[in-house]
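Protein chains: 2
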Amino acid sequence: MKNNTSRIADFSQLVENLKETGNKKNVAIVWAEDSHTLEAVEMAYEAGFANPILVCSQQTAEKYEGKYEILLADSPQDASEKAVALVREGRADALMKGFVNTDVLLRAILDKEKGILPKGSVLTHITAAKLPTYPKLLFFTDPAVIPHPTQEQRMAQIRYVTDFCHAFHIEQPKISLIHCSEKPDGKHFPYTEGYLELKKMAADGAFGNCIVDGPLDLKTSCSAEALADKKIDSPIEGEADAVIFPDIEAGNVFYKTITLFAAAETAAVLQGTQVPVVLASRGDTVTSKFYSMALATIISKSNK
Amino acid sequence: MKNNTSRIADFSQLVENLKETGNKKNVAIVWAEDSHTLEAVEMAYEAGFANPILVCSQQTAEKYEGKYEILLADSPQDASEKAVALVREGRADALMKGFVNTDVLLRAILDKEKGILPKGSVLTHITAAKLPTYPKLLFFTDPAVIPHPTQEQRMAQIRYVTDFCHAFHIEQPKISLIHCSEKPDGKHFPYTEGYLELKKMAADGAFGNCIVDGPLDLKTSCSAEALADKKIDSPIEGEADAVIFPDIEAGNVFYKTITLFAAAETAAVLQGTQVPVVLASRGDTVTSKFYSMALATIISKSNK
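Chains A and B, in that order, give the protein sequences. Using the UniProt record's numbering, you'd call the opening residue of the first sequence number 1 and step up by one each time. Using the UniProt record's numbering, you'd call the opening residue of the second sequence number 1 and step up by one each time.
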């Protein structure tokens, strides 16, 4: 069991860790009607970390009866509402999007009365990426949900990312606040002034055990050589465990670039909801969906 | 000579084209005091497309006397002013930054009386990237100069990028206007509404022979498969020749990501000035500086 406390540096190690620790969660699959999702579910089931609950049509139910738990639904919307209800009842520790449009699922999640976003909680998207050209996992936020994060939203992003890193046994994660330059510029980029405050808060322990620095550009965040070239001192040391992007455009460009041009493997979940939600999209690979289920399993605090 | 009119798809072909066409330009090197820059200058001189004019110290002058043209300067600032003056006198067709801080060089370039930015001209940064995972050069703007482009600045960016593509014998370049989604969202991203106007202007011929579409994300811009997955129709067809980023943060993240994680080769110049300016930075490779000189040579309209 000694591996259980050493740093999880890639997705294979994540899956190994879940097996070794016997970490297993109930994952509700919302409208489990497409083959890609069902393949990923099968993989997670075989790996032993997910107990799938298919919220699905009669047709799909007949195929998987006896193998998985089943809850019948009439439509994507009905499936969304039923899956969200499973979370409220404590029967699902994570949600995974199947063949349903994101906005339909989000409406059920965000419903003020029946939804699963606690009042005042910040909903954001966390991705873990393994790049062949970077020696460890790189967590980042947010490529998909918050257009222009406020300072409060950024504080939540730092907290979530720190939680993730701790779950991956990264004791003191290095979190970089991204900007195109290392100089704060309150005139054109007000958030770079906010970065200084976040640094100070982190140093004062506001986010638990982590190191926060910024503004730094992506290169000085992730390359010790680039940092030295620019003669900059940073406690990140060009070895960021996580990067926080200034806005959704920068985050989305990063996400698309690494998956399209840098052979990155990724896994992602929504945080802020009562349980993590896997919002994989049609274009994602089966492997990415599988890893996202593993990510949801390790980070879910439900039933603990 | 038949190659002279076929598309230039990478940097080797660019250098070949310059040799075949005998395209040669006078390039003033501003404060030519660092070995990286001098190596790139040597390569460009050997390749035959650059006639270097070193604006440099007495010490460096002694080393290169008889080989290159020399203009003595006392300091980085003096070198900047003298190099800019060479452009105004019609003696330099391009500028290249040596061991001088960007702001010092820019001050000389932007000087209202003695500078080389025509009144009303838009200064922006154009990069050409060759990614091992993309079949052709990808031009993009702007990772370094304009924080948040106005609609007028974006029009200039489209014009410059179109000029570049034409110089590379791309008859009808496909130019994509980047956003994190394919849906315009005037509320959170006012420029996405502007994109629709730019598309219409392009269709009406405002930018010459080119195709402009957007908003598109980076993946649907550069992957026919991703485009098909999302069931989107776009005349870009997932084969963008150029992408225009919403702002400097997104552009900078792209630039840093492809050079750090995707083994991209890049070349870049400033446009808007009377002649192209190579603003290579310390962290850039010698090869990147060499290619940037080639880029400046092919795009310089000086002396034509």
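Please note that the accuracy of each hint is not assured.
If chains are identical, the list can't say which one is meant, so a pair holds when it fits in one copy or spans any two.
As the list claims (entries may be wrong) - As a list, the in silico DSSO-like pairs of lysine-lysine whose alpha-carbon atoms are at most 27 Å apart: (1) Lys231 with Lys24; (2) Lys112 with Lys136; (3) Lys187 with Lys301; (4) Lys19 with Lys67; (5) Lys187 with Lys119; (6) Lys112 with Lys187; (7) Lys200 with Lys187; (8) Lys200 with Lys24.
No wet-lab data here; the hints were simulated from the structure.
These are the hints, each one checked on the structure:
When the C-alpha separation of lysine 231 and lysine 24 is checked against a cutoff of 27 Å, the pair qualifies neither within a copy, at 46 Å, nor between copies, at 36 Å. Taking CA atoms no more than 27 Å apart as the test, lysine 112 paired with lysine 136 passes in neither setting, with 39 Å inside one copy and 49 Å between copies. Taking CA atoms no more than 27 Å apart as the test, lysine 187 paired with lysine 301 passes in neither setting, with 41 Å inside one copy and 35 Å between copies. Taking the shortest Cα distances, lysine 19 and lysine 67 sit within 27 Å of each other inside one copy (20 Å), while across copies they are farther apart (68 Å).
In this homomeric assembly, lysine 187 and lysine 119 come within 27 Å of each other (Cα to Cα) only across copies, at 24 Å, whereas the closest approach inside a single copy is 33 Å. In this homomeric assembly, lysine 112 and lysine 187 come within 27 Å of each other (Cα to Cα) only across copies, at 23 Å, whereas the closest approach inside a single copy is 37 Å. Within a single copy, lysine 200 and lysine 187 get their C-alpha atoms as close as 21 Å, which meets the 27 Å cut-off; across copies the closest is 33 Å, which misses it. For the identical chains of this complex, lysine 200 and lysine 24 are neighbours neither inside a copy (38 Å) nor across copies (54 Å), given an alpha-carbon limit of 27 Å.
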